[in-house]
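Engineer: Those sequence lines, one after another, are chains B and W. So the first sequence is numbered by this note's numbering: it starts at 208 and just counts up by one. So the second sequence is numbered by this note's numbering: it starts at 389 and just counts up by one.
Keep in mind that a hint or two might mislead.
Listed next, with one range per pair, are the computed distances between beta-carbon atoms [what the hints assert, rightly or not]:
#1 W:Ser-522 / B:Arg-427: 53 to 61 Å
#2 B:Arg-427 / W:Asn-428: 30 to 38 Å
#3 B:Asn-458 / W:Glu-627: 32 to 40 Å
#4 W:Glu-627 / B:Val-428: 30 to 38 Å
#5 B:Val-428 / W:Lys-630: 51 to 59 Å
#6 B:Val-487 / W:Leu-614: 32 to 40 Å
#7 B:Phe-472 / W:Ser-515: 56 to 64 Å
#8 B:Phe-472 / W:Lys-630: 58 to 66 Å
#9 B:Thr-368 / W:His-619: 55 to 63 Å
#10 W:Thr-567 / B:Gln-481: 20 to 28 Å
Rather than coming from a laboratory, the hints here were simulated on the basis of the structure. All C-beta atoms in this analysis are idealised placements derived from N, C-alpha and C, irrespective of residue type, glycine included.
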Amino acid sequence: MTLESMFCTRCSEGFEPHEKIVNSNGELWHTQCFVCAQCFRPFQDGIFYEFEGRKYCERDFHVLFAPCCNKCGEFVIGRVIKAMAASWHPQCFCCQLCNKELADSGFIRNQNRALCHSCNAKVKAQETGRYVCAKCHGLIDEEPLRFRGELFHGYHFNCTTCSVELDSTAREVKSRPGYAANDMLSYLKQKYNNELYCLRCHDKMGVPICGACRRPIEERVVTALGKNWHVEHFVCAKCEKPFLGHRHYENRGLAYCETHYHQLFGNLCFICNQVCAGDVFTALNKAWCVEHFSCTVCDQKLTQKSKFYEYDEKPVCKKCYEKFPSELRQRLRESHENTLKKPV
Amino acid sequence: MSKLKKIVEEVKDIPNAELDLVDRGISRLDDIAGLYQLTNITRLTLSHNKLTGLPAGLANLINLEILNLSNNSIVELPISLSSLPKLRILNVCINKLSSLPRGFGAFPALEVLDLSYNNLNENQLPSNFFMMQSLRALYLGDNEFEFIPKEIANLTNLQILGLRDNDLLILPREIGQLTRIRELHIQNNRLKILPPEIADLELLGSKSVLKMEENPWVPPIVEQYLLGISHVLKYLKTETYKILYNRLAQDFRNNQPPKADRRKKASRAR
């Protein structure tokens with residue numbers, strides 16, 4: 208190609224020898240002609256945008272042709288989402304309820320809002336009063352299956368053991384037997400390894416059942432009275448407060464807290480009428496605090512080894528008994544002998 | 389006496405002290421100098437002495453919780469005793485009481501009252517005797533009761549009722565309302581029948597006592613008694629017994645067995 212046959216694409220003039228020529232995609236330009244079609248200024252950093260055969264600087268191209276995002280008002284360069292009669296950056300076109308990006312997942316127009324599938328389903332469910340399946344976003348007509356904190360149609364899942372299709376009675380197992388529930392590793396396993404089982408298989412796995420609520424125990428198990436209990440369900444039979452590791456007292460197959468056990472089953476001190484703290488003396492169908500066990504006539508302390516006589520089912524020390532009127536002692540002795548002779 | 393004075397001096401400044409004056413031949417409390425100033429003491433034990441009465445000044449001891457007057461010769465109690473605000477246990481067993489002062493039942497906090505081995509009967513009880521709602525144990529054994537007033541039903545906290553060695557002819561049906569009773573001593577009386585309501589009480593547990601020996605029980609009760617207390621209580625619940633009871637309760641005054649001979653009782657000695 209000779210200089211005579213070369214012409215500027217813009218002004219169609221020829222080029223001077225030694226003149227600098229711009230070559231862009233095979234088209235030739237005077238340097239003074241290679242400018243924005245709008246502002247006639249050279250392209251900054253040589254960047255230009257072409258539209259219908261004309262070249263524009265970045266700014267003018269944006270002003271003239273680039274779409275504005277309906278959300279942030281900035282120009283949209285690159286991928287433009289055309290939706291709801293407007294243009295959007297992909298990251299600006301979001302569900303109006305949950306703010307999830309909708310560019311790739313698709314959206315549903317709901318009362319002139321763009322909603323993701325699940326929000327749309329939720330809104331619809333709120334209107335109809337039914338649950339929405341977290342998997343298919345359809346409404347759930349029957350009882351929902353609760354799993355990992357969400358609601359599903361049971362038929363999306365199969366029993367981990369026998370593969371039978373599940374329904375709402377399926378049981379979620381957080382920790383498989385053998386895991387200690389309190390260390391971090393098994394906590395993570397619990398969190399991510401939840402599995403679903405049909406009732407039959409679940410029962411066979413030996414997950415302990417709470418003796419109070421009859422539900423499986425997935426956290427700490429309290430074993431007492433020959434049964435397993437949720438920690439919060441193992442309670443005093445009288446006040447129904449959980450023992451939470453405090454000592455419990457058993458009577459006739461029921462567990463009681465210390466206060467109510469003593470209140471109901473007697474260990475109130477005959478003298479102070481308070482629950483016997485610490486060791487207890489029991490004799491003559493009564494109980495005494497160790498420091499209150501004393502002769503009822505002279506109020507002197509009795510010990511475990513002290514010999515005492517029974518007077519109206521109360522203890523009387525030997526010294527006092529010997530000071531009783533002899534007539535009384537004789538009668539007490541006689542009736543004591545009569546009692547011994549009595550058949551049981 | 390100076391020895392007693394020394395004992396009083398010793399406990400004077402000890403908070404919540406307990407004072408033992410057992411078997412010291414004391415016949416007059418007024419002789420013990422400084423005794424009525426011991427407002428700090430919570431227990432006063434005067435067993436085995438020679439007291440014939442109590443001075444009203446004893447009521448100064450406002451912190452007393454336990455007053456033990458066992459085995460003295462007390463004929464009369466002062467009414468001021470009933471005003472002791474904290475008194476929980478009063479033991480006057482083995483004395484010579486043939487009456488109680490009017491208004492005796494005014495104790496605000498009394499829990500245990502032992503009046504056994506005295507000369508009391510139902511006609512000597514003051515009218516407010518059964519108003520002592522805080523009572524959990526009442527011992528009236530070795531006295532001269534022929535009847536127990538039906539007002540006993542007011543003692544709703546009563547757990548122990550001792551009526552051994554009296555002249556009781558019949559028990560009031562109201563005893564069945566004392567639902568907290570765990571001990572009932574009625575041995576050595578003149579009882580032929582028991583109110584059917586007794587069977588409603590919890591007298592069978594491991595902490596319960598029903599002592600009923602030495603009474604002229606009707607033969608069906610004796611039969612059951614030979615099998616055991618539980619059989620007696622079961623029998624009392626039957627319709628057969630209720631019919632028998634209704635019939636016999638009409639004429640329990642007839643054919644009264646003789647009263648016990650109390651001439652040798654120390655409480656009668658002059």
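Engineer: If a hint holds in the structure, say so; if it does not, say that too.
Structural biologist: Each hint, compared with the structure:
no.	hint	result
1	W:Ser-522 / B:Arg-427: 53 to 61 Å	violated (45 Å)
2	B:Arg-427 / W:Asn-428: 30 to 38 Å	violated (52 Å)
3	B:Asn-458 / W:Glu-627: 32 to 40 Å	holds (34 Å)
4	W:Glu-627 / B:Val-428: 30 to 38 Å	violated (52 Å)
5	B:Val-428 / W:Lys-630: 51 to 59 Å	holds (53 Å)
6	B:Val-487 / W:Leu-614: 32 to 40 Å	holds (35 Å)
7	B:Phe-472 / W:Ser-515: 56 to 64 Å	violated (37 Å)
8	B:Phe-472 / W:Lys-630: 58 to 66 Å	violated (32 Å)
9	B:Thr-368 / W:His-619: 55 to 63 Å	holds (59 Å)
10	W:Thr-567 / B:Gln-481: 20 to 28 Å	holds (22 Å)
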